[in-house]
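Count the sequence shown with numbering that gives the first Met the number 0 and you get residues 0 to 214, in order.
Be a bit skeptical, because a hint or two may be false.
Simulated restraints on C-beta separations [claimed, not checked]:
{"hint": "1", "residue 1": "Arg154", "residue 2": "Leu197", "range": "16 to 22 Å"}
{"hint": "2", "residue 1": "Ser89", "residue 2": "Phe111", "range": "29 to 35 Å"}
{"hint": "3", "residue 1": "Asn118", "residue 2": "Ala204", "range": "31 to 37 Å"}
Read the hints as simulated data drawn from the structure, not as lab findings.
For every residue, glycine included, the Cβ atom is placed at its ideal position computed from N, Cα and C.
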Amino acid sequence: MSSKVRILKLSLNLSSGIRRWLAFGLAFCAFSGVGNPLAIKFVSAQAQDQKRVAAQSKFDEGEALQKQRTTESLRSALKKYEEALPLWRSVNDRAKEAETLHNIGYVYHSLFEIQKAFNYLNQALTLYRKAGDRRGEANMLKTIGGIYGSLGENRKALDFYNRALPLWRAAGDSSGEAKTLNNIGDVYDSLGEKQKALDFHNQAAEVSARSRRPF
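Whenever a hint applies, use it, and build me the whole structure from the sequences.
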């Protein structure tokens, strides 16, 4: 494929909101010589940057709508998050993709569409795990455990909380560890196992006191 065609294809992929970058990029190409690989790389980089900006904008809009917590706003938040997802993927930002999947899952939980919630949360969990992000993985396990707890499926909740604990510790996140220990205590309290509940609540308090961060 010729250099001219490659630049044209890149240009056509840019949205109307970034035409100023296109103009600047084409001017750069003209100055550098259209066959210059640096010129092609420049236009491509501008396209990637603008996709990232667009993705963040849609993500922020989604978060603002999610905070309103009405059915209508939550549905609108889903739309914004869904629009952000392919943009994050196109710039290979796995961390933001996982965060967006997490938010989508949480919105579906708020809408009582539990299976859809689990679907998106598990996708996020897989991404965090592949990335070796222990804190992100622990947070997802904690979130899924919390949903199971809200459904009264206490044993499943315990399973996810217990899987999160060593990840919090490996990540050195005492706040996440304390919150998860406290959640485990709450589950045991719901199960009527008062001594175990007390033990875990005490452990949570000790971790929180050592780190001087309330849970």
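Hint check:
Distance hint for Arg154 and Leu197: a CB-CB separation of about 20 Å, consistent with the stated range 16 to 22 Å. Here the CB-CB span from Ser89 to Phe111 is close to 32 Å, well matched to the stated 29 to 35 Å. One distance hint, 31 to 37 Å for the beta-carbon pair Asn118 and Ala204, holds here, with the actual separation near 36 Å.
Violation of the numbered hints given earlier is absent; every hint is satisfied by the structure.
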